[in-house]
Each structure stands twice: as structure tokens, then as C-alpha cells.
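**Q** For reference, the chains in residue letters:
Protein chains: 2
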Amino acid sequence: TKPTTAVQQTSNQVVLINTFEVPKGKEQAALASWQKSRDFLKTQDGYISTRLHRNPNPNGKFHLINVAVWRSAEDFKKATANMRATLKDNAVEGVVFTPDLYQVIESD
Amino acid sequence: TKPTTAVQQTSNQVVLINTFEVPKGKEQAALASWQKSRDFLKTQDGYISTRLHRNPNPNGKFHLINVAVWRSAEDFKKATANMRATLKDNAVEGVVFTPDLYQVIESD
Numbered sequence: 001t002k003p004t005t006a007v008q009q010t011s012n013q014v015v016l017i018n019t020f021e022v023p024k025g026k027e028q029a030a031l032a033s034w035q036k037s038r039d040f041l042k043t044q045d046g047y048i049s050t051r052l053h054r055n056p057n058p059n060g061k062f063h064l065i066n067v068a069v070w071r072s073a074e075d076f077k078k079a080t081a082n083m084r085a086t087l088k089d090n091a092v093e094g095v096v097f098t099p100d101l102y103q104v105i106e107s108d
Numbered sequence: 109t110k111p112t113t114a115v116q117q118t119s120n121q122v123v124l125i126n127t128f129e130v131p132k133g134k135e136q137a138a139l140a141s142w143q144k145s146r147d148f149l150k151t152q153d154g155y156i157s158t159r160l161h162r163n164p165n166p167n168g169k170f171h172l173i174n175v176a177v178w179r180s181a182e183d184f185k186k187a188t189a190n191m192r193a194t195l196k197d198n199a200v201e202g203v204v205f206t207p208d209l210y211q212v213i214e215s216d
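Residue numbers (my numbering), protein chains in the order written: chain D, 1 to 108; chain W, 109 to 216.
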């Protein structure tokens, strides 16, 4: 196996990870809401990529987790401020989401 | 912008996402414990890759989130059973971790 090395920070890139707790019966609405947000955010400056993960276990804590790469924290903050000003009524009742910006510190 | 398409499942690959809530003062211990687990798991059959994300905000809910790709759920379950039988005393008191296996349903 190849040696593992800690990741050197070579840019201002950040990774948004957003965990979604979704009440039963709200799965389709949560996905549609996420897609609507993604369709907006991918048009914004600094967007790089996104991946949405679904938990096949209906009793899992998080039904969806989004992992998205942005050029910088500032780009992400601008984009989400634009989104909040543009997309109205995109919240799904009862969904608990916990977005934060992370740095990759190990990659193997 | 390129069109977005839902991801077709072309293998049994799964993504382990593990969120870690870490009490203040336990950050170094939590990282060392994760590294020890990773060093074991990367030797196991079916391991593909892993990335550890750190939240620079000390008040963020999750201090660390691991995103790892495995060839199949069965490989992952075997590997973690081997790990539990091999690595003793690798738990860090007070750390709450929530591992689950996910499928990528959207990628853009």
C-alpha cells in the first residue's frame, strides 16, 4: 500500500458538508428542495462540484448528506446569500440541516 | 454550465460517511484514533479511498467528517469487524460518531 500523507493546503478551497435529518414521508420533498438549491448554486461564481449521498437505511440518522467543493469560503457565502434572496419558500418543514465548511486534512 | 444528471448505480460501491462530535480538548486524541483506524482499514480488502475533513470552526457541530469509498457494503462490514477484533482501546471518551453507508445519487 502507498504511504499516507497529510494534505497540504494549496488553495483556499473549502468543502461544504451538509447533513440532512429528514422526517419520514418528507424524503421526496427534501430531495426536490436540494435539487432546486443545487440548480441555483451551480450557476454561481466559485462553484466547483457537488455530490449528494443518500442513506438507504430508513432508520439512519441522516437521510441525505451533501459534499460540495467551492473555490473559497467567501464565494460560498456570497452564493448562498444570493440563493436566499432568490429562492423563496424552498424550506421543507421538519428537515434539520447542519451545513459547515471543512478543510480536507487527510486524503488517501 | 453542463447539464446535471442523476447518477446511475454501476457497481456495489458504497460511501462511508462518519461524522464526529468531539468534546473540546479531545481534538488531538480523536484525530490520532481516526488515523490508527485508517491505517488498519486501508490494508483491508475492498478499501478504495478516504478523506478526512476538519471543521475549522471550534463551535461547529461536527469537528471531523470522514468520507471513504469501499468496493461493497460486505467488504466494509468485514473490514470493520476485523478492526474491532484487532484494535483494542482505540475509543476516545466523549466522542460521538455516526457512521453510515451511503450511495451517491447526484454528482455534478
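Treat the hints with caution; some may be incorrect.
From the structure, some residues in chain D lie toward chain W, with a derived Cβ separation under 10 Å [what the hints assert, rightly or not]:
| id | residue |
| --- | --- |
| 1 | S11 |
| 2 | N12 |
| 3 | K42 |
| 4 | R51 |
| 5 | R54 |
| 6 | K61 |
| 7 | D75 |
| 8 | K78 |
| 9 | N82 |
| 10 | M83 |
| 11 | L87 |
| 12 | V92 |
| 13 | E93 |
| 14 | V95 |
| 15 | L101 |
Think of the hints as simulated: they come from the structure by calculation, not from any bench.
Where a beta carbon is used, it is the ideal one built from N, C-alpha and C, also for glycine.
**Q** Work down the list of hints and note, for each, if the structure agrees.
**A** Hint-by-hint comparison with the structure:
no.	hint	in the structure
1	S11	15 Å, violated
2	N12	12 Å, violated
3	K42	6 Å, holds
4	R51	5 Å, holds
5	R54	5 Å, holds
6	K61	5 Å, holds
7	D75	15 Å, violated
8	K78	17 Å, violated
9	N82	15 Å, violated
10	M83	15 Å, violated
11	L87	16 Å, violated
12	V92	17 Å, violated
13	E93	21 Å, violated
14	V95	16 Å, violated
15	L101	8 Å, holds
When held up to the earlier numbered hints, the structure conflicts with 1, 2, 7, 8, 9, 10, 11, 12, 13 and 14 and fits the remainder.
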